[in-house]
Amino acid sequence: MSGQLDIVTGAFSYSGSAIARDLQQRGHRVRTLTGHPDRAPAGTAIETRPLDFADADALTESLTGADTLYNTYWVRFAHGSVTHEAAVANTTTLFAAAAKAGVRRIVHVSITNPSADSPDPYFRGKAAVEEALAGCGVQSYAVARPAILFGGNGVLVNNIAWLLRRLPVFAIGGRGDYRLRPIHVDDLAALCTGLGQRTDTTVVDAVGPESVTFRQLVETIRAAVGSRAVVVPVPGRLVPVLAAMLDIMLRDRLLTADEYASMAAGRADSAGPATGTTVLTRWIGEHGDTLGRRYANELQRHFE
6 MSGQLDIVTG AFSYSGSAIA RDLQQRGHRV RTLTGHPDRA PAGTAIETRP LDFADADALT
66 ESLTGADTLY NTYWVRFAHG SVTHEAAVAN TTTLFAAAAK AGVRRIVHVS ITNPSADSPD
126 PYFRGKAAVE EALAGCGVQS YAVARPAILF GGNGVLVNNI AWLLRRLPVF AIGGRGDYRL
186 RPIHVDDLAA LCTGLGQRTD TTVVDAVGPE SVTFRQLVET IRAAVGSRAV VVPVPGRLVP
246 VLAAMLDIML RDRLLTADEY ASMAAGRADS AGPATGTTVL TRWIGEHGDT LGRRYANELQ
306 RHFE
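Numbered according to our numbering, the sequence shown spans residues 6 to 309.
Think of the hints as simulated: they come from the structure by calculation, not from any bench.
Note that this is a predicted model, so its numbers are computed, not measured.
We treat Cβ as the ideally placed atom computed from N, Cα and C, and that holds for glycine.
Any given hint might turn out to be false.
As the list claims (entries may be wrong) - Below, computed lysine to any residue pairings styled on SDA-like, alpha-carbon distance capped at 25 angstroms: (1) Lys105 - Met254; (2) Lys105 - Asp72; (3) Lys105 - Ala91; (4) Lys105 - Gln144; (5) Lys105 - Pro55; (6) Lys105 - Gly140; (7) Lys105 - Pro46; (8) Lys105 - Leu56; (9) Lys105 - Gly159; (10) Lys105 - Gly179; (11) Lys105 - Thr261; (12) Lys105 - Glu136; (13) Lys105 - Val208; (14) Lys105 - Asp62.
As the list claims (entries may be wrong) - Cβ-Cβ distance ranges computed for the label pairs, FRET-style: (15) Ala45 - Gln202: 47 to 53 angstroms; (16) His307 - Ala249: 17 to 23 angstroms; (17) Thr282 - Phe308: 30 to 36 angstroms; (18) Thr295 - Arg81: 31 to 37 angstroms; (19) Thr295 - Gln9: 34 to 40 angstroms; (20) Asn158 - Met254: 18 to 24 angstroms; (21) Gly271 - Gly40: 30 to 36 angstroms; (22) Gly231 - Gln144: 48 to 54 angstroms; (23) Asp182 - Phe308: 19 to 25 angstroms; (24) Val235 - Gln30: 41 to 47 angstroms; (25) Ala63 - Gly290: 42 to 48 angstroms; (26) Ala249 - Pro124: 17 to 23 angstroms; (27) Gln30 - Gly85: 34 to 40 angstroms.
Please put together the full structure from these sequences, using the hints given.
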């Protein structure tokens with residue numbers, strides 16, 4: 006298997022870069038399909054092709070010769086013409102091109118608790134993509150379902166730390182007793198590359214060994230960064246309003262109403278066995294000196 010060609014969507018972004026790095030460490034050649042080919046680092050060994058959903062023939066050509074496609078493409082929130090519905094259509098096009106190109110296997114990064122009946126278009130869209138994957142015609146596939154990622158240049162933990170370093174008060178919705186099951190981005194990468202070596206069709210939750218409440222998460226970060234902010238419970242309906250006010254100041258999308266509702270409903274938790282080994286609270290304690298030193302702006306990362 007050494008030297009085989011694998012494709013990673015977004016190999017210069019967050020989870021995609023971790024997967025690409027793991028594949029290279031395994032001795033695989035990596036080609037990326039990216040919407041930002043201009044962001045390829047100088048001297049990279051990763052071959053770069055555009056991720057152009059409007060040109061299915063070019064996608065098929067770019068996928069030809071690859072053993073496995075690792076798909077991390079998705080949109081966190083709707084922005085302009087970029088919607089979850091468009092992301093479903095784009096991913097369906099990508100999967101069809103992979104099947105036509107003869108790709109042996111697809112490893113797809115989804116989300117915990119996807120559902121066609123979900124009120125959240127993110128979770129509803131992820132369910133539609135999994136359905137498209139099942140019917141695309143590749144020999145076999147695997148689905149990894151993470152809830153929340155941390156580590157590297159991740160957003161959620163870092164930006165909570167950034168706010169705790171700067172605000173006198175940090176608001177949480179209700180008692181903050183809704184649970185999260187994050188996984189370290191490198192653990193997700195190891196899981197995905199391991200799934201890529203298999204031949205069976207499988208779906209697994211990509212979750213760490215620790216489930217924490219949102220309040221526990223905030224309090225752990227608060228202690229790690231030495232914040233004196235007061236953690237204050239507020240009615241859940243106010244959380245999106247407060248987040249929107251911060252959005253104006255930060256010129257970003259800190260937390261959408263759908264994201265808060267899904268988190269409060271427990272969709273970021275899982276009862277499945279741990280597929281990662283990094284303990285979230287321990288990791289936060291070890292990285293308190295660096296967490297939240299800089300704000301991670303999602304709009305700038307993906308749309309500017």
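Now the hints, each set against the structure:
1. The suggested pairing of Lys105 with Met254 is violated, with an alpha-carbon distance near 46 angstroms, which exceeds 25 angstroms.
2. Using a Cα cut-off of 25 angstroms, the hinted pair Lys105 and Asp72 holds, with the two alpha carbons roughly 13 angstroms apart.
3. Between Lys105 and Ala91 the alpha-carbon distance is near 21 angstroms, which keeps this suggested pair within the 25 angstroms criterion.
4. Of the supplied pair hints, the one linking Lys105 and Gln144 holds, its CA atoms being roughly 11 angstroms apart against a limit of 25 angstroms.
5. For a cut-off of 25 angstroms, the pair hint linking Lys105 to Pro55 stands: about 18 angstroms separates their Cα positions.
6. For the given pair, Lys105 sits about 13 angstroms from Gly140 by alpha-carbon distance, which is consistent with the 25 angstroms threshold.
7. For the hint linking Lys105 to Pro46, the alpha-carbon distance of about 30 angstroms lies beyond 25 angstroms, and the restraint is violated.
8. Restraint check: the Cα-Cα separation between Lys105 and Leu56 comes to about 16 angstroms, which is no more than 25 angstroms; the hinted pair holds.
9. Note on Lys105 and Gly159: the hinted pairing is violated, with a Cα-Cα distance of about 34 angstroms set against a maximum of 25 angstroms.
10. In summary, the hint linking Lys105 to Gly179 is not supported, as the alpha carbons are separated by about 49 angstroms, beyond the 25 angstroms threshold.
11. For the given pair, Lys105 sits about 37 angstroms from Thr261 by alpha-carbon distance, which is inconsistent with the 25 angstroms threshold.
12. This hinted pair checks out: Lys105 and Glu136 have alpha carbons roughly 18 angstroms apart, not beyond 25 angstroms.
13. Among the hinted pairs, Lys105 with Val208 is consistent with the structure: their alpha-carbon atoms are about 23 angstroms apart, no more than 25 angstroms.
14. For the hint pairing Lys105 with Asp62, the CA-to-CA distance comes to about 10 angstroms; that is within 25 angstroms, so the pair holds.
15. Under the hint 47 to 53 angstroms, the C-beta atoms of Ala45 and Gln202, about 27 angstroms apart, miss the expected range.
16. Our hint of 17 to 23 angstroms for His307 and Ala249 holds, since their Cβ atoms are close to 19 angstroms apart.
17. About 34 angstroms separates the C-beta atoms of Thr282 and Phe308, a value consistent with the hinted range of 30 to 36 angstroms.
18. Taking the beta carbon of each, Thr295 and Arg81 are about 23 angstroms apart, not inside 31 to 37 angstroms as hinted.
19. Checked against the given bound of 34 to 40 angstroms, the beta carbons of Thr295 and Gln9, roughly 36 angstroms apart, stay inside it.
20. Here the CB-CB span from Asn158 to Met254 is close to 22 angstroms, well matched to the stated 18 to 24 angstroms.
21. As the Cβ distance of Gly271 to Gly40 is approximately 32 angstroms, the hint placing it in 30 to 36 angstroms holds.
22. A beta carbon spacing of about 52 angstroms between Gly231 and Gln144 agrees with the range 48 to 54 angstroms that was offered as a hint.
23. In this structure, Asp182 and Phe308 break the distance hint of 19 to 25 angstroms, their C-beta atoms being roughly 34 angstroms apart.
24. Taken as a hint, the range 41 to 47 angstroms holds for the pair Val235 and Gln30, whose Cβ atoms sit roughly 44 angstroms apart.
25. Checked against the hint of 42 to 48 angstroms, the C-beta distance between Ala63 and Gly290 comes to roughly 47 angstroms, which is consistent with it.
26. About 19 angstroms separates the C-beta atoms of Ala249 and Pro124, a value consistent with the hinted range of 17 to 23 angstroms.
27. A hinted range of 34 to 40 angstroms for the beta carbons of Gln30 and Gly85 is consistent with their spacing of about 37 angstroms.
Of the numbered hints stated above, those contradicted by the structure are hints 1, 7, 9, 10, 11, 15, 18 and 23, listed in ascending order.
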